[in-house]
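Which chain is which? The protein sequence lines are A and B, in order. The numbering of the first sequence is this note's numbering, which starts it at 1 and goes up by one. The numbering of the second sequence is this note's numbering, which starts it at 1 and goes up by one.
The list makes no distinction among identical chains, and a pair is therefore deemed to hold if it is satisfied within one copy or across any two copies.
Below, computed lysine-lysine pairings styled on BS3-like, alpha-carbon distance capped at 27 Å:
(1) Lys144 x Lys180
(2) Lys72 x Lys144
(3) Lys181 x Lys144
(4) Lys181 x Lys72
(5) Lys180 x Lys143
(6) Lys72 x Lys180
(7) Lys72 x Lys143
FYI, nobody ran anything at the bench for these hints, they're computed from the structure. Quick caveat, the model's predicted, so the values are computed rather than measured.
2 protein chains.
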Amino acid sequence: MPKIVNERADILPALGEVFREHGFEGASLSAIGERTGLGKGSLYHFFPGGKEEMAAAVLAEIDTWFAAHIFKPLREDADAARAIAQMFDAVERYFESGRRICLVGALALNDARDRFGPRVSGYFAAWTAALEDALIRAGHGHKKARGRAEEAVATIQGGLVLARAMNDSTLFQRILTRLKKRLLDD
Amino acid sequence: MPKIVNERADILPALGEVFREHGFEGASLSAIGERTGLGKGSLYHFFPGGKEEMAAAVLAEIDTWFAAHIFKPLREDADAARAIAQMFDAVERYFESGRRICLVGALALNDARDRFGPRVSGYFAAWTAALEDALIRAGHGHKKARGRAEEAVATIQGGLVLARAMNDSTLFQRILTRLKKRLLDD
DNA sequence: TCGCTTGTGTACCGTTTGGTAAAGTGTTAT
DNA sequence: ATAACACTTTACCAAACGGTACACAAGCGA
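Using the sequences and the accompanying hints, generate a full structural model.
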């Protein structure tokens, strides 16, 4: 009986895509099995906690990725403006110009939020806080930096909603471009 | 056998709340029955098409409401700036300061979008088009009005995501206030 | 070669799912 | 009074659900 995977981290990307497509409730074990190529036996071997543990693992991986590639540079890069510009590049690549949605945002919208409350709120709290920090260092007034950061993160999330609703990835790119310009030039 | 309701429109609000809470897949017939107080028999009497017809009816009602209370004033009010201001008031009331999510946006994020594609895209297309129209009449440049309208609608949607994710309705209010100011003063 | 660990496949569990059928009960118009 | 209609109740269905149990195969160190 040959191994298919040997690290549970190997199937997290596929897991993430299933949850993105169907949501938490809609992602059935059969859909998960199909996408990952694993049977129930293997899935419950890697994730004894079932669907909930799978989603939690995906969220944790997302957290880690964003912390390393976006939040940390925003907080620590000596050139704050450059970090902000890089955030926009990373966001556009990560969300594939709006063709890919934000799983955390999607989970936040229905009752799945209650299952993953701290993870969901922590993700957005970390993002806005890091961006606020960068904005201040880039010369924005302390008082307005938090508001601008919140609004920017919201605009990105909303851009994903609109781009997916209208099936128009150029819309997401336009929104990002405008937002980036406003944050850096203003 | 007493009537519980006699117009199917009477149960649309309750239906909408169930879909908002659980999403399309997650809204089981038993949950729907509980919330509406109707058994399956009655539900299938009013909606022979099942869940899909229920959700479609809710979406149609939402479309109608927004068309009458938001899109139409934006397009037709002689005082465009006032129409925009009223849009923000209506949005804050309708979404209960971020405690209530946008069902259309939520459906857009997972595979439920494919079931209701035209309705979902039409909703956002109508909103952005109406706001663009008002922005032009309020003195914004023709060329940038569309971009600003798209970004504004996206920010509202994203504000709902963030407010719900962080369980903070003041966040939604702050975002609306900032956005309104920028659209009207800039 | 022997166990042991780590995965995998399959059969199975009880429950819930969306949906159907039909009988029954009120109301209303004739 | 009666027949038609509108709605509700109940029972029922096959399929799918999340999850469990367990036998079994491969790789590996001793």
